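Colleague: Knowing the structure of chain A, use the given hints to seat chains B, C and D on it.
Number of protein chains: 4
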Amino acid sequence: MSDAQRRACILISCPDRPGIVAAVSAFLFNRGANIVQLDQYSTHPEEGTYFMRVEFDHPAPTGSRSAIEADFAGTADHFSMTWRLAYQDEVKRMAIMVSKEEHCLLELLWRWRWGELPVQIPLVVGNHATLQATVEGFGIEFHHLPVDQLNKAAQEKAVLALLSEKVDFVVLARYMQILSPQFLSCFPYRIINIHHSFLPAFVGSKPYEQAYARGVKIIGATAHYVTEELDAGPIIEQDVARVDHRSSVQQLKMIGRNIERTVLARAVKWHVEDRILVYGNKTVIFAP
Amino acid sequence: MSDAQRRACILISCPDRPGIVAAVSAFLFNRGANIVQLDQYSTHPEEGTYFMRVEFDHPAPTGSRSAIEADFAGTADHFSMTWRLAYQDEVKRMAIMVSKEEHCLLELLWRWRWGELPVQIPLVVGNHATLQATVEGFGIEFHHLPVDQLNKAAQEKAVLALLSEKVDFVVLARYMQILSPQFLSCFPYRIINIHHSFLPAFVGSKPYEQAYARGVKIIGATAHYVTEELDAGPIIEQDVARVDHRSSVQQLKMIGRNIERTVLARAVKWHVEDRILVYGNKTVIFAP
Amino acid sequence: MSDAQRRACILISCPDRPGIVAAVSAFLFNRGANIVQLDQYSTHPEEGTYFMRVEFDHPAPTGSRSAIEADFAGTADHFSMTWRLAYQDEVKRMAIMVSKEEHCLLELLWRWRWGELPVQIPLVVGNHATLQATVEGFGIEFHHLPVDQLNKAAQEKAVLALLSEKVDFVVLARYMQILSPQFLSCFPYRIINIHHSFLPAFVGSKPYEQAYARGVKIIGATAHYVTEELDAGPIIEQDVARVDHRSSVQQLKMIGRNIERTVLARAVKWHVEDRILVYGNKTVIFAP
Amino acid sequence: MSDAQRRACILISCPDRPGIVAAVSAFLFNRGANIVQLDQYSTHPEEGTYFMRVEFDHPAPTGSRSAIEADFAGTADHFSMTWRLAYQDEVKRMAIMVSKEEHCLLELLWRWRWGELPVQIPLVVGNHATLQATVEGFGIEFHHLPVDQLNKAAQEKAVLALLSEKVDFVVLARYMQILSPQFLSCFPYRIINIHHSFLPAFVGSKPYEQAYARGVKIIGATAHYVTEELDAGPIIEQDVARVDHRSSVQQLKMIGRNIERTVLARAVKWHVEDRILVYGNKTVIFAP
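Sequence lines, in order, name chains A, B, C and D.
Sequential numbering from 1 applies to the first sequence in the numbering used here.
Sequential numbering from 1001 applies to the second sequence in the numbering used here.
Sequential numbering from 2001 applies to the third sequence in the numbering used here.
Sequential numbering from 3001 applies to the fourth sequence in the numbering used here.
Just so you know, these hints were derived from the structure itself, not from any lab.
The structure displayed is predicted, hence computed values, not measured ones.
No false leads were slipped in.
Here are the simulated lysine-lysine pairs, DSBU-like style, with alpha carbons at most 35 Å apart: (1) Lys-3100/D x Lys-2282/C; (2) Lys-2100/C x Lys-1269/B; (3) Lys-206/A x Lys-1269/B; (4) Lys-3166/D x Lys-3092/D; (5) Lys-282/A x Lys-1282/B.
Here are some of the chain D residues that sit facing chain A, going by a computed Cβ distance under 8 Å: (6) His-3103; (7) Leu-3106; (8) Trp-3110; (9) Trp-3114; (10) Glu-3116; (11) Gly-3137; (12) Arg-3246; (13) Pro-3288.
Built from N, CA and C at the ideal position, the CB exists for glycine as well.
Okay, chain A solo, but in the shape it has when bound (with noise of 0.2 Å):
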């Protein structure tokens, strides 16, 4: 049995209290299950949430899954958890949304093909047809679902409908369209977006163009799970570069462009790895 059929990891929230660690680690351990990584957060020691990611190694075949998640309920009820298992063969499905830039898409479909992003791809949809060929030219179905103000509905729904089923979350690869509340509904958490600015400056249109009038020394961008208030949800990562008084707009373009796919590539990472757990508005990331 391969490593990544025996991988698992168990993500958890509760109220913090004495004895998680200790019950946790004991149920794998009489599991047969040998701990790889664990981390753990606590928001304050006597009252706060706590919240927990252990990795591990798991002897059981993959028949047995049910069983574990039966037998955790015991001590999930105890702790008052809320809980998911993760499988590492089981792998994530991720669709794509674009429109006519590419640099943020094709950096996640290089990753995923070197290897960096253990993700399936079932489909990328485009409200433009600009990228088509490019991402079939990965092996990816590509769906041209043009929007406009009249048909913002009709395209969504015709979107989810694609979607249904078929993919775990969704990634905003500069997607320049804002996504109705029930299209937000369907897929809690689990849709994550690029913002090209250091939240929470230059939120809405334009940041590159508000950080050259403002005449900042740093831009940035921001990765973020999306919520119905605009570049508002929870942040799960944001890194910056410097620009000086020579930066024109087009320029602050250039040097973004490469730090919102890094951004975006990191967060993506850590999405299909299990490794954010979200609280309030804001993330706990339990990164490598």
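Modeller: Below, chains B, C and D without anything else, positioned relative to chain A:
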């Protein structure tokens, strides 16, 4: 004659048009000066504003400075220049204003002691007495001028009386008071503040608390010239550091403290070395 | 009972095998302790070495510490653990050794004064008297023990006599002498040095001159535990800064100074907080 | 006439002495040119070597270029200049040499496609056929010229035959072969290599394995001009990323891959834009 006595720089801004470099460099060559560094920037090659900084060694004795300035007037008029000459041996005089926190103050005093900041520091003004001993330990005058809601105008008047004729510019090293427009007008673009966030994010008070609430993954600090609008003046320098979900407000402050002092020290050094030109609400920085 | 009095951490290394987390966490839970942070790392899940750091709050009064340690011995033996307990209220005692340059020394002293470095500093030893007044200004003993080619052994003996029984570890804050193997053997992996290059580049003397000659575009500094081979001990922390062709050796030193002090301060903090485990010639850092 | 047709730059190195800026800027002004950017650097104001890059817009039609060059000869002789003129519309021709890894190649091809790298790419040469389809997908010729211990000289000769007359410079994008002095002599300071370490640390083969063994906390990559001594040519650009004890050799390679491609892309861009002057074994980079 020492290097310091012979070194000077000229700072110019004017409408861009051909011939400026030729005119300025010919002027300097004809007077026996040798250009050591030359930086220029134009907002647009055809209709923009042109900025220039030329650092040069000149053979003339101190007495002839007014002669140089008189000679240059013709060239300056021809190109409608705003300009000034700065002599390296006319060391700038800096006042520092503080409240209770010492990290920014100390960074400036150390770098000054290590020879990194070629400046005179005639006095430090505090609205608290907390840092008196520290400042006096460096052989620098400390003036305690407390401020409250009733005496604000009188206190500012007293500060101005102390600074008047004695200093060329003012650094607010975590001075936790907002200065009045009257005060600011005495030192236009010559008051440098350090704001403890990555502006324009988290304007105003308690920026670390704001950053914590938003769940950002990177925090920053911003040095800027103070203008009437709070935290909205021309940005001189910014820098950032990574944080994560484990970072409490207290830890953000600790991490931030080390960014604040570095950013402020760089901004002050550039001001002292005449590397900053303000245009609109932005800065051109001719950094080394 | 305050937080500090109740907080402790246990550091463990042993051959990796299943059940370690379960055993340690059960032990702590059964004694009424609450785990605050848990970090672990294994060089290989099946045949590797396992490292663990558990920070916890324990309800027991100070008197019972030896009892805890005695109780844990059984678990420790079972897993062939090398281990130790560190109590947060048993503050470590640090000696600093200096020559003439103050930047690293001051950074440590100020962070100590700001509460960032929870450590006692019983004394500073200098082979020059240059920094005596600075050190005494912080209320810390300064001992001037000059060294030359003839008295080296005697001087080291005198230093050891001063440190013996009085300090737990030693920081070389730009102490420009090579310590003998005899000296090092008194503080195994408990002497931290700051080397002014990005090791393993530019080992030995005059690293900034070497960096200048090679024309590197980035310089760095490295904090490491001192071992017999020069600049070859386990690396604790490194950081870098950009330079360019304009940077003279003098400017490299100025830029480097600010990296050196930051890197050293981080390394010392991690040592003080028991976040470092040495294995072979490397370090595991369980940073916050 | 478009901006590109009118834009040019002149690169100069000569012994430093007063009057160079005045002479060059007067020359350009008298011919109706407008200086867009001017950078200069002197190794020493009195006895050093002087380097200059002037970017300018000139009104002259293409036909008059030889006339400009002839005119400038007098000025050049007077100051003993080594110099060359580069016209932005005479786009440089770049060959890329690869083995099996595609990340550096792709980064160059993407940036070229996005308009970030103003260059022609007549061909890519691989000693393996692995990347043939990828290269041809960009509409670029791919030549497969395998090399082994017996045919090395013949293979290099075949490569040179392909490049001769067709390209201005060569980029080794993870080409895993050492080129002979004969090959190098055909492109002096016009072959750019990416070395996967922070030089001068970890020269030679398997730098990530070396970095892992040493336990460094930061890894890097270095772009340099290739000279006869292995990995010892003039450094153009370097960058770094943090790693820690958890980073396996495989992870160092993954992290490093993303530094390598960024560093190489920056170095190539600066070469293409005539921003690099070599002196001794160093580079002057007049970056934007």
